[in-house]
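Student: Chains A and B supply the protein sequences, listed in that same order.
Read left to right, the first sequence gives residues 1 to 300 (UniProt numbering).
Read left to right, the second sequence gives residues 1 to 296 (UniProt numbering).
Since the hints were made in silico from the structure, they are not lab data.
Beta carbons: idealized from backbone N, C-alpha and C, even for Gly.
Careful, some of the hints might be misleading.
Unchecked claim - Negatives, chain B to chain A, calculated, CB over 10 Å:
1. Lys6
2. Pro55
3. Leu73
4. Ala80
5. Leu90
6. Arg92
7. Gly98
8. Phe102
9. Leu191
10. Ala193
11. Ile196
What the hints assert, rightly or not - One side only, chain B facing chain A, incomplete, derived with CB under 8 Å:
12. Ser23
13. Gly26
14. Leu45
15. Thr48
16. Val50
17. Phe60
18. Met114
19. Ala115
20. Val144
21. Ile222
22. Val279
Here is how the chains run, residue by residue.
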Amino acid sequence: MKKNKEPFSLVWKHHKNKYLLIAPFAIVFLVFTLIPVVVSIVLSFTSFNMVEAPSFNGLSNYINLLVRDDVFLIAIKNTLLFALITGPISYIMCFLFAWMINELPPVPRSIITLVFYAPSISGNAYMIWKLIFSSDTYGWANAWLLKLGFIQSRVMWFETAKYVMPILIVVQLWLSLGVSFLAFIAGLQNVDKSWYEAAAVEGVKNRWQELWYITLPSMKPQLMFGAVMQITGSLSVSQISIDLAGFPSVSYAGHTILTHLHDYGNVRYELGYACTIAVVLFFIMLLCNIIVQKLLRKLG
Amino acid sequence: MKKLYKFLVSKLRARKLRRRNRSLMGDMGLTLVLAFFGLFSLFPLIFTVVNAFKPLSEIFIIPPKMTVENPTLNNFFDLATIVESFNVPLSRYIFNTGMITFLGTFGTVLLGSMAAFPLAKYTFPGSKAMSNIIVYALMFNASVTAIPNYLIMSRLGLIDTYWAVILPAVGSTLGLYLMKNFMVQIPDEMLEAAKIDGAGEFKIYWSVVMPLCKPAWITLVILSFQQMWGTTGGVFIYTEELKPVTYVLQQLVSGGISRTGVSSAISFIMLLVPVSVFVLSQSNVIETMATSGVKG
Chain A
1 MKKNKEPFSL VWKHHKNKYL LIAPFAIVFL VFTLIPVVVS IVLSFTSFNM
51 VEAPSFNGLS NYINLLVRDD VFLIAIKNTL LFALITGPIS YIMCFLFAWM
101 INELPPVPRS IITLVFYAPS ISGNAYMIWK LIFSSDTYGW ANAWLLKLGF
151 IQSRVMWFET AKYVMPILIV VQLWLSLGVS FLAFIAGLQN VDKSWYEAAA
201 VEGVKNRWQE LWYITLPSMK PQLMFGAVMQ ITGSLSVSQI SIDLAGFPSV
251 SYAGHTILTH LHDYGNVRYE LGYACTIAVV LFFIMLLCNI IVQKLLRKLG
Chain B
1 MKKLYKFLVS KLRARKLRRR NRSLMGDMGL TLVLAFFGLF SLFPLIFTVV
51 NAFKPLSEIF IIPPKMTVEN PTLNNFFDLA TIVESFNVPL SRYIFNTGMI
101 TFLGTFGTVL LGSMAAFPLA KYTFPGSKAM SNIIVYALMF NASVTAIPNY
151 LIMSRLGLID TYWAVILPAV GSTLGLYLMK NFMVQIPDEM LEAAKIDGAG
201 EFKIYWSVVM PLCKPAWITL VILSFQQMWG TTGGVFIYTE ELKPVTYVLQ
251 QLVSGGISRT GVSSAISFIM LLVPVSVFVL SQSNVIETMA TSGVKG
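With the hints as extra help, turn the sequences into a complete structure.
Tutor: See the structure below:
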């Protein structure tokens, strides 16, 4: 890690306080995040069921996963499709809404912020969507579509493969004004107000020009943060799929990489294999992030 | 006095200039868009709240209604009765969630911001490597580390304590990364000035950097609060008396449609606290921004 030639005692003397500031976090991070990740990677090369000691079996988990496991291919397809739609849309939504809200006077601003942020605070309240898309006529969607005459008989929303993904996408978008949204709002408040004055003097004419020439460039750190969070979030959808579409969902229509992980990790206790899935998911995320960060850098 | 006058004049001028770049049509358009999506955003939540006060006869009306004709607190009483059968009072579950949330949030903000400051503002041996690791670690989902974490927790004897839920959250990279991304924006001259005045890194962190990035750490308080508040304890806590409220909620929701009223009632309770925390801290952020005026 340390490539410089300064002896450690000198480094410590110069930077002692910095290391001390980092130390508490570093210890907790090391023990409860970094070591588990390394253990996870090691376990991905083994067969492990929590009862017996792990036994090394080389690459066979990876080969099975990528070549023999048909369900995993469905999961990858679903996850990527899901992420490709919800990822960019939610990212843009987060920014646009944060920016529009920032244009409002203070009191409406805080009310509207709450309105948009509420779904992601609401914890399990997304279960309400199960009621809305419930298969019987008590379901709101069915009741109203029947009453208005759009459909003749009730629709089995979560029991029909073609409806599962679209509904999950809507729910995820509804939930997705979370971390990044808040970071963007805080970021917008941090933009130096005097730049807008200067820009107005220099001839910036409308809010779109302000957005493009001042706001976006000065929010780079938050935009980067938001991108990472939104990608990670849209690739790691599982709980809403399990809660809404059931597990396993009808013909695996709502099956994602993480529900596959859940299957092997929490249901079948094939932990080595589950770790393999986790590692593959990590590399997919890494790849997406590298691509997006490259794109974002080009913009700036 | 003179300073105040100058400040107010500059504020007023700023406002006038900003208005110059705003058109009425644009303002109206924005308001309409926000109103439309705002309704979409709120609708399921209003539905939850309304359901919590509906008597059984109204919950199953076809088509369902957004209003409640005879509001009742029965769902809340039923909730208390059902929870009683778990042999643990509801207040105990709420206490558990409260403890986990308080310690977790405090730890996340303190440890995250402490570590973020040197990484954002200085380069020293190892700083670059640490920053990189943090970004990669963001991509490790909690369910990825859950299995090894369980093994480590049981070695450390932390299984079945609050700490098993709190410590991994405190060590999560989200907080650090968020704080770091904000601290990067603090002008170096400010730190230089503090240094010339003889302040060490701890002092600069606490009395210069933290006040300056209040919006950031309040954001983190909100995020972390809400994350901890929603924890179910997962596989780490199995003693009934130590379980958090969300666990009860899940048990109730899995009771199916006949428990709709009751689960709406507990969803409502669960929703109330984070919303209040959010409202309180949000107004705090805005207040800070208003009083600190134009930042340079």
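Student: So, as I understand it, the hint says B/Thr48 touches chain A; can you test that by seeing if any CB pair is closer than 8 Å?
Tutor: Check passed: Cβ of B/Thr48 comes within 5 Å of chain A, closer than 8 Å.
Student: If I take the minimum Cβ distance from B/Leu90 to any residue of chain A, is it greater than 10 Å?
Tutor: 16 Å, holds
Student: Is the shortest C-beta separation between B/Gly26 and chain A less than 8 Å?
Tutor: With a closest approach of 6 Å, the B/Gly26 hint holds.
Student: Is it correct that the beta-carbon of B/Ala80 has no partner in chain A closer than or equal to 10 Å?
Tutor: 19 Å, holds
Student: Using 8 Å as the Cβ threshold, decide whether B/Ala115 counts as touching chain A.
Tutor: Hint on B/Ala115: holds, closest Cβ of chain A at ~4 Å, below 8 Å.
Student: Quick check on the hint: B/Phe60 CB to chain A CB, less than 8 Å?
Tutor: 6 Å, holds
Student: Does B/Ile222 meet its interface restraint, that is, does its C-beta lie within less than 8 Å of any C-beta in chain A?
Tutor: Hint on B/Ile222: holds, closest Cβ of chain A at ~6 Å, below 8 Å.
Student: Beyond 10 Å from every Cβ of chain A: is that where the Cβ of B/Leu73 lies?
Tutor: Non-interface label stands for B/Leu73: nearest chain A Cβ at 20 Å, farther than 10 Å.
Student: Holds or violated: is the Cβ of B/Ala193 farther than 10 Å from all Cβ atoms of chain A?
Tutor: Given a closest Cβ separation of 18 Å, the condition holds.
Student: Would the non-interface assignment of B/Pro55 survive a Cβ cutoff of 10 Å against chain A?
Tutor: The assertion about B/Pro55 holds, with a minimum of 15 Å to chain A.
Student: Taking the closest pair, is the beta carbon of B/Phe102 still more than 10 Å from chain A?
Tutor: The claim stands: B/Phe102 keeps its Cβ more than 10 Å from every Cβ of chain A (closest is about 17 Å).
Student: Hint B/Val144 vs chain A: min CB-CB distance below 8 Å?
Tutor: With Cβ-Cβ at 4 Å, under 8 Å, it holds.
Comparing the model with each numbered hint stated earlier shows that hint 16 is the single one that does not hold.
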